[in-house]
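Trainee: Spelled out from the first residue to the last, the chains are:
2 protein chains.
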Amino acid sequence: MEKRTTYCGLVTEKYIGQEVILKGWVQKRRDLGGLIFIDLRDREGIVQVVFNPDFSQDALAIAETIRSEYVVEVRGKVTERAAAVVNSKIKTGKIEVQVAEVNIINKSETPPFQIEAETDISEDIRLKYRYLDLRREPLANTFKMRHQITRAVRNYLDESGFYEVETPVLTKSTPEGARDYLVPSRVQEGKFFALPQSPQIFKQLLMIGGFDKYYQIVKCFRDEDLRADRQPEFTQIDIEMSFVDQEDVMAMNEGMLARIMKDVKGIDITTPFPRMTYAEAMRDYGIDKPDTRFDMKLKTLNDLASKMDFKVFSEAVKNGGAVKAIVVKGAADKYSRKDIDALQEFAKIYGAKGLAWVKVVEDGLNGPIAKFFDEAITAELIKLTGAENGDLVLFVADKSSVVNASLANLRNKLGKDLGLIDENKFNFLWVTDWPLFEYDEELDRYFAAHHPFTAPKPEHLDLLKSNPEAAEANAYDVVLNGYELGGGSIRIHDQEVQAQMFEALGFTKEEAEEQFGFLMNAFKFGAPPHGGIALGLDRMVMLLAGRTNLRDVIAFPKTASATDLLTEAPSAVATAQLDDLHIALNIKETANTEEEKEDTK
Amino acid sequence: MEKRTTYCGLVTEKYIGQEVILKGWVQKRRDLGGLIFIDLRDREGIVQVVFNPDFSQDALAIAETIRSEYVVEVRGKVTERAAAVVNSKIKTGKIEVQVAEVNIINKSETPPFQIEAETDISEDIRLKYRYLDLRREPLANTFKMRHQITRAVRNYLDESGFYEVETPVLTKSTPEGARDYLVPSRVQEGKFFALPQSPQIFKQLLMIGGFDKYYQIVKCFRDEDLRADRQPEFTQIDIEMSFVDQEDVMAMNEGMLARIMKDVKGIDITTPFPRMTYAEAMRDYGIDKPDTRFDMKLKTLNDLASKMDFKVFSEAVKNGGAVKAIVVKGAADKYSRKDIDALQEFAKIYGAKGLAWVKVVEDGLNGPIAKFFDEAITAELIKLTGAENGDLVLFVADKSSVVNASLANLRNKLGKDLGLIDENKFNFLWVTDWPLFEYDEELDRYFAAHHPFTAPKPEHLDLLKSNPEAAEANAYDVVLNGYELGGGSIRIHDQEVQAQMFEALGFTKEEAEEQFGFLMNAFKFGAPPHGGIALGLDRMVMLLAGRTNLRDVIAFPKTASATDLLTEAPSAVATAQLDDLHIALNIKETANTEEEKEDTK
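Top to bottom, those sequences are chains A and B. Anchor point for the first sequence: position 36 equals 36 in full-length UniProt numbering, and the numbering is continuous, going up by one each time. Anchor point for the second sequence: position 330 equals 330 in full-length UniProt numbering, and the numbering is continuous, going up by one each time.
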């Protein structure tokens, strides 16, 4: 048979009366009144092809042997469907193809699961047969969208004068940040490459090299324990610009996101995006990536709590912690004590020791701690929180980090549970003025909140030594609907400042030199001011495609144990391969294998 | 100072009379008659800025402190240059900028080498200071071109309905092909990922998944000993299509290359490209990637040689080898005996034991072996080779592979040496009908000439068992000016054929199952016919940019020992990192380290 004339999913009314050649997969076969109907599928959709003995006895005979997922080609005439059998759900629903000729191109065994939009097959099975899973329309559509998104990004950045430059995958291990994936060198015994956690240093070197505007859509790697929204390899839209300030990078990025929304979703979003400082986000939402599609802000009640006779509250404040509350509008009647207990259990996940609550009723407050609220305190609570008759007020009193984490997550949960979120909204938001450092209590040292190349605000330079915790950075995160979409900063371009930064992070001069000497060296030869941003492509696709699982937007994803169930990577390799790389296995015997040894004695 | 108004390199006559703000690097400072002239450089080029005390005494004072590679910003008025000082070599040569204000943004130490187009600084130094090397105009231009090429590729493929899909970097090690880079798994003790040598299997799985048209510009990895035109990580334009035959893939590829040539070089190239079978290429050029920009074809003289009394010739044929010749037009007088000896030494690199030669003179042949050519043989030689009076004829007699390799390389050398090559020509060529297998004498087994997924010609299926060497593939290479630009094939989509292929390659059923079971399994569930191509992006950029070194087209390349001289990757890592990965160093003590031990006793 000749080449196909179009895709199955594109055979609309305009083909009526024409002969078409189509190639695709058999979605479904139905035998009805001496006729055979087949839904033929390709990446563009489904078309109904009809085998009618009046049209071709031979084709009908072949059709009788056709099963699901066979690959077939058909030649036939497009006819209009009778009004009664029009399927308005699909683009090809007004026509069908009367088959004159059919060939089976390839057969299929009965697949392990049916190829259909909705499936309750376990993800493990679907990952093992990923090529079948990818035939499912929702997944196929996700990858179309992923393509459209990168296309929009490239078009925007190309038109804005950015050059795409590739940076190395085999690069240098640095102890800062997450765990590196290592690659042993064959040529240099005992040495290792690392897969990049981001091209951060290379893009800065490109700026020092005068490239001025760089971008790359690039794979990055982190050997971390995986959660549902993490993958060992992930894709980043990586951008860097010279001679810019924070406003330039933010404006460029707003333009890019607006372009994506327009090209991919057909939505005009408003720029500039709303902004919030990190401090405001933590104060009002308890989290650095607020979902602003609904209100229910956190209210700080420290002053009020100090005045109360309720020790849980007053002690928390006294110990340097906080008391905050959220108001669940009109929820007083909806939430039983049992329901509230469940909320408390949820809050405990985030470290809260308890969840205090009151219901606002006509004549005051209700609930086990209502007694601690006298008239004045109640009035102040009402004033501070805006709570009204019929509202439920939830309190957490603890150290600030626990208060924020538990109430922020409770807020997000309630937003979903109560249907407060308009799923059609895309709320972009900047979170600015980040702290430069984060203090790690366990390791008793400061870490860079973003990374060690982030520029302190010039007026905070002195704080690097005197009060690191108070130092703020020219850093900015872009948030979409409660997810961090990306983050960036103006970078240090002065070797002195960079040296101070490494010192503040606890590096000795020698360590800084050994790990980042080449960058410090580069700063000596005319580094321009520069800054940039990196956005997580996988997460962006997930959000725009309305998925909740990162694995749905990666063609061949890995499971939580970083396994590819399809190819069964990682796998054992030949000892000779390891010898070549000057390494050997070094497997600690676990209790388990000891037991096994016992068993085999 | 405000934002720049344009790039330095773009300040042409149209700015005359306007005030501009420019930011860039100081290329050169000249002090002349109380004025200071600075060539200010950014990625778009150079502009001359003038510090004149009549215009700004302050600016002049600052200018006196400015050195090469300082980063500065200037505000000034664009004026026309006097006719006598117009520089027609640069775009901004008709103007200069009279500086009203200047700021030093960042200083520079004296760089280890001057930033100029031509340099004789060693490559090692330039790689160590790659960020400075990248400021050199020829290199910067190469990366602009690289960007333009990928842009043209994406535009063409996007418009042609291809989806870009990312395939994994952490994937499965397979013993076939080159040596893998391995990545130890932390989660799965004793197991390893491999970095992909190509996304071959994944793109085939995408076809089985119904994606229909796939592309990706993707990093691939081979842990091989490096030559000037190899890098451990390289970039491939990777393409796959379903329901296509060889002609479809070739036509698509021709369209893409034509688009690149048009968009990037402004050249209209003719499609379809000329074609040559592999057998013809080996016969006429001795090589599978002929440079067709000049003639000098290899002439096969086996029949003639058999008839001759010259044992070197006749024995070669008798032993199953070949005798071939190339005619160097008009070179009889140019090449002395010493010159020809040098050519012989060159031929020996490729295994030739000697290089026989005759010069065609008015009354016959000249040279040490002329005596073996009687009148009839001479006439036949003249007829077969087209040699004329004044030509030099070079012969190699040996086994075919040696004859071909030595004459092909000699031909390429002579083409260059004699200026026979029009460097402005871009000769694209298809080499088709490849053998399916290559025989490795050392290992005494067949290898896939392309890869084990290449489809045999349907009519050659029986040869897989009976006569593998004669089996041909639906495979095609695209060649540009003597370089392999890319290669592709129609793939096997039938599990039976794939199983036969693995068998022919010496895999046991178990080995095939273990390594490629998931692919064979996928073939069971409706694999469409499919094929594709992969092109080497680095090499393409190198050829179009007129470079001869792959490192010039890679932003951060590695040396022949796979080292990044800038970051000093690979490097030693902490033992704790290795412990996490369940590996240990396994360094064999070499004679050298033994000696060192002796020394330290």
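Hints are not guaranteed to be accurate.
Note that identical chains are pooled: a pair holds if it fits in a single copy or bridges any two copies.
What the hints assert, rightly or not - Taking lysine to aspartate or glutamate and the DMTMM-like style, the derived pairs with C-alpha atoms no more than 20 angstroms apart in a straight line are:
#1 K353 with D309
#2 K89 with E189
#3 K14 with E469
#4 K297 with E484
#5 K318 with D391
#6 K262 with D158
#7 K3 with D248
#8 K262 with E159
#9 K94 with E442
#10 K353 with D339
#11 K353 with D341
#12 K338 with E118
#13 K128 with E513
#14 K318 with E472
#15 K262 with E459
#16 K338 with D303
#17 K144 with E159
#18 K425 with E13
#19 K383 with E13
#20 K91 with E19
To be clear, the hints were calculated from the coordinates, so they are not data collected in a lab.
Trainee: With reference to the structure, classify each hint as holding or not holding.
Mentor: Now the hints, each set against the structure:
With identical chains, the CA atoms of K353 and D309 are at most 20 angstroms apart within one copy only, with a shortest distance of 19 angstroms there and 103 angstroms across copies. When the C-alpha separation of K89 and E189 is checked against a cutoff of 20 angstroms, the pair qualifies neither within a copy, at 62 angstroms, nor between copies, at 50 angstroms. Taking the shortest Cα distances, K14 and E469 never come within 20 angstroms of each other, neither inside one copy (67 angstroms) nor across copies (51 angstroms). Taking the shortest Cα distances, K297 and E484 sit within 20 angstroms of each other inside one copy (19 angstroms), while across copies they are farther apart (63 angstroms).
In the homo-oligomer, the alpha carbons of K318 and D391 never lie at most 20 angstroms apart, since the shortest distance is 28 angstroms inside one protomer and 102 angstroms across protomers. Taking CA atoms no more than 20 angstroms apart as the test, K262 paired with D158 passes in both settings, with 17 angstroms inside one copy and 18 angstroms between copies. For a Cα distance limit of 20 angstroms, the shortest separation of K3 from D248 across copies, 10 angstroms, qualifies, whereas the shortest one inside one copy, 50 angstroms, does not. Taking the shortest alpha-carbon separations for K262 and E159, both the intra-copy value of 16 angstroms and the inter-copy value of 19 angstroms come in at or below 20 angstroms.
Taking the closest pair of Cα atoms, K94 and E442 never come within 20 angstroms of each other, the shortest separation being 66 angstroms inside a single copy and 64 angstroms across copies. For a Cα distance limit of 20 angstroms, the shortest separation of K353 from D339 inside one copy, 17 angstroms, qualifies, whereas the shortest one across copies, 91 angstroms, does not. Taking the shortest alpha-carbon separations for K353 and D341, only the intra-copy value of 12 angstroms comes in at or below 20 angstroms, while the best inter-copy value is 91 angstroms. Taking the shortest Cα distances, K338 and E118 never come within 20 angstroms of each other, neither inside one copy (34 angstroms) nor across copies (79 angstroms).
For the homomeric pair K128 and E513, the shortest alpha-carbon distance between copies (15 angstroms) is at most 20 angstroms, but the shortest distance inside one copy (46 angstroms) is not. Taking the shortest alpha-carbon separations for K318 and E472, neither the intra-copy value of 27 angstroms nor the inter-copy value of 84 angstroms comes in at or below 20 angstroms. For the homomeric pair K262 and E459, neither the shortest alpha-carbon distance inside one copy (39 angstroms) nor that between copies (52 angstroms) is at most 20 angstroms. In this assembly of identical chains, K338 and D303 lie within 20 angstroms of each other by CA distance neither inside one copy nor across copies; the values are 30 angstroms within and 100 angstroms between.
Proximity of K144 to E159 under the C-alpha cut-off of 20 angstroms is restricted to the inter-copy arrangement: shortest distance 14 angstroms between copies versus 22 angstroms within a copy. Proximity of K425 and E13 under a CA criterion of 20 angstroms is satisfied in neither setting, with 34 angstroms inside one chain copy and 49 angstroms between copies. Taking the closest pair of Cα atoms, K383 and E13 never come within 20 angstroms of each other, the shortest separation being 63 angstroms inside a single copy and 66 angstroms across copies. Taking CA atoms no more than 20 angstroms apart as the test, K91 paired with E19 passes inside one copy only; the shortest distance there is 18 angstroms, against 58 angstroms between copies.
Checked against the numbered hints given earlier, this structure breaks hints 2, 3, 5, 9, 12, 14, 15, 16, 18 and 19; the rest are met.
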